[in-house]
Amino acid sequence: MNKLLMEENDRLQKQVSQLVYENGYMRHQLQSASGTTTDNSCESVVMNGQHQQQQNPTPQHPQRDANNPAGLLAIAEEALAEFLSKATGTAVDWVQMIGMKPGPDSIGIVAVSRNCSGVAARACGLVSLEPTKVAEILKDRPSWFRDCRCLDVLSVLPTGNGGTIELIYMQTYAPTTLAAARDFWTLRYTTSLEDGSLVVCERSLTSSTGGPAGPPTASFVRAEMLPSGFLIRPCEGGGSIIHIVDHVDLDVWSVPEVLRPLYESSKILAQKMTIAALRHIRQIAQETSGEIQYGGGRQPAVLRTFSQRLCRGFNDAVNGFVDDGWSLLGSDGVEDVTIMINSSPNKFLNSQYSTSMFSTFGGGVLCAKASMLLQDVPPALLVRFLREHRSEWADYGVDAYSAACLKASPYAVPCARPGGFPGSQVILPLAHTVEHEEFLEVVRLEGHAFSPEDVALARDMYLLQLCSGVDENAVGACAQLVFAPIDESFADDAPLLPSGFRVIPLDPKTDGPAATRTLDLASTLEVRAGGARPAGEADLNSYNLRSVLTIAFQFTFENNLRDNVAAMARQYVRSVVGSVQRVAMAISPSRLGTHLGPKPLPGSPEALTLARWICRGYRVHTGSELFRVDSQAGDAILKQLWHHSDAILCCSVKTNASPVFTFANQAGLDMLETTLVALQDIMLDKILDEAGRKILCSEFSKIMQQGFAYLPAGLCVSSMGRPVSYEQAIAWKVLNDDDSNHCLAFMFINWSFV
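Counting along the sequence shown from 1, when you hit position 497 you're at 497 in the UniProt record's numbering, and nothing is skipped either side.
If you're looking for bench data, these hints aren't it; they were derived computationally from the structure.
On a predicted model such as this, the values are computed, not experimentally measured, just so you know.
Careful, some of the hints might be misleading.
Said to hold, decoys possible - For each label pair, taking beta carbons as the anchor points, the in silico distance ranges come out as:
{"hint": "1", "residue 1": "E488", "residue 2": "Y169", "range": "33 to 43 Å"}
{"hint": "2", "residue 1": "S344", "residue 2": "S143", "range": "36 to 46 Å"}
{"hint": "3", "residue 1": "V221", "residue 2": "S645", "range": "45 to 55 Å"}
{"hint": "4", "residue 1": "T132", "residue 2": "Y169", "range": "20 to 30 Å"}
{"hint": "5", "residue 1": "Q706", "residue 2": "D685", "range": "20 to 30 Å"}
{"hint": "6", "residue 1": "A301", "residue 2": "Q706", "range": "48 to 58 Å"}
{"hint": "7", "residue 1": "L428", "residue 2": "D195", "range": "46 to 56 Å"}
{"hint": "8", "residue 1": "S143", "residue 2": "E606", "range": "11 to 21 Å"}
{"hint": "9", "residue 1": "Q680", "residue 2": "S575", "range": "22 to 32 Å"}
{"hint": "10", "residue 1": "R612", "residue 2": "A713", "range": "21 to 31 Å"}
{"hint": "11", "residue 1": "P142", "residue 2": "T622", "range": "55 to 65 Å"}
{"hint": "12", "residue 1": "D195", "residue 2": "K133", "range": "11 to 21 Å"}
{"hint": "13", "residue 1": "R693", "residue 2": "R459", "range": "26 to 36 Å"}
For each residue, glycine too, the CB sits at the ideal point set by N, CA and C.
I would like the entire structure built from these sequences, with the hints used as guidance.
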């Protein structure tokens, strides 16, 4: 592939040079032309338009409208030349994007701009689809660009060379509640090059380019798309090489200063648009070839639609557009949480909402939302914790109210019950994208009734949940957790009312005291106040972990209970904000320090000592080394144990209590889908299946007498309820320095999620 791309780059650079030469020659010819023609083809009209321009040279470009194809074709050809010079040349100063997965499974080669106007990203990849199919997918931007609210093609003009020119109006969502959304008015040009490559290029129509003026809108800030697009080259034997360029100017000066890094980051643009486009094409290619098999009898397209509806519903809630029927509800005097209501039937009929949710009562949807600045917490880490430990922030009573609203006769108890009803959650995976950067799942919340009047709240509830951006190595990736209550039937057209969290990283910059600002929460809601970090403090992961958290929760309401629901929603979002603050402070790397986990419990050995005991116990009892220590450094054993590919876990050995896990390496935590903090709440017999428990019971005396035992292949279950298979397990005694039993160690070899 590398050789192929080098040849492609060389070939296209030569082609760009030729196009630039031909463009200059054509301009000279057009300027020297003295006559007009009655031929109505686009090429002939170009000469007519250029001739008129020479006679009236005052404006830089004539005002070209949809009835003047000549002017539009001139704009299109200019955009094509500029796009090609970015796609395969050095018109933009490109630097390779760090953090992209290398190797044969790589999605492609991704670069971002440095020191150019606006922000730009470029990608090149190989897919097993034909160029026309690739172009069809990429032109359908709403299907893969999650921030696209709508894309309207207002005019289509054929060109004489077999191509088409389209005039397009596109609206995009704002990522937070703190700045206006952006819209674009563009010309898109689709054509073929002499070598058979397909090109789709696009640029904004502005006063400087000429062309018709776009539709005015009150709720949006007009952004500019600089020449961008796709170059799709067919490969011998099938498939295509794709070059993608995205280059935009998002009018950064119209947003609050603290948010500007979101609009100045080429890495965020790369993740949201450029890489998203490549991933989507690759996903479609693998689905088409039958490489991806999904359980549950759902078609991939149906599951993709669920993901899109969850994202779209959450974006609608965060933005609250007036033309969708949203209006602001008065506050209670503290401007930390924004409450909006939507009672418009058009909104419900024309979007992802179902009329069945509103047919039995007069009411609508209420949304409570807030944004806040976080410091010292990686977005991926926070969202992963919120997903795995729902009970740390969610209220069971509120979940029950949301679930009841799906029923034909929702009960009217719109108040969070004090203390809630704690229930465990089980996550059932539905689908994931090729690189696992996004996964769709059903969450079952198990209910418990503690008194007769609580029986109505005690049934199991279900959420459809979409989680994305939890890879900490993905630079500029937005981490998001969005969920919506569903009923047991879970039909393909099930009504969805999404709520959730979005955490977007802010690019590193020099922090001063002024950089810690109030957003639309009071300054007391910031996780960490006081501006810059101490000069001597280590900068973990080479960036300063500043990010913007946006929270939005949606509820249905009956008209006579609207104020009650609003008070409940406002109180609930404030409660969630407080919980997220506590979670963020607890998991902040700067607070945990560089240790692998929390401080050990009283009476337990330090991590390094424990690692030494684990390895010594394995060597003494089995006669072989657990691993070869590569370094003489003092913590080498701990590091190698921590990064060992097999899951290694320790549990207590107490005769009067069930064994509880006390330590796990990184693979062990991944297998159990937990953290070192939560590990100590998991019991050994809860993760083993029935067969595993029987085998362990039969082998237990052997382990205590001989010091170890080999256990056959089997199944266990993670803390999230996901089944895990392993090829073999080894159990051995871990002795302390006094040769008395400290704990039992288990190693699960070649484990994987089923």
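Okay, the hints, checked on the actual structure:
| no. | hint | in the structure |
| --- | --- | --- |
| 1 | E488 to Y169: 33 to 43 Å | holds, 42 Å |
| 2 | S344 to S143: 36 to 46 Å | violated, 26 Å |
| 3 | V221 to S645: 45 to 55 Å | holds, 49 Å |
| 4 | T132 to Y169: 20 to 30 Å | holds, 25 Å |
| 5 | Q706 to D685: 20 to 30 Å | holds, 22 Å |
| 6 | A301 to Q706: 48 to 58 Å | holds, 55 Å |
| 7 | L428 to D195: 46 to 56 Å | holds, 49 Å |
| 8 | S143 to E606: 11 to 21 Å | violated, 53 Å |
| 9 | Q680 to S575: 22 to 32 Å | holds, 26 Å |
| 10 | R612 to A713: 21 to 31 Å | holds, 30 Å |
| 11 | P142 to T622: 55 to 65 Å | holds, 58 Å |
| 12 | D195 to K133: 11 to 21 Å | holds, 19 Å |
| 13 | R693 to R459: 26 to 36 Å | holds, 29 Å |
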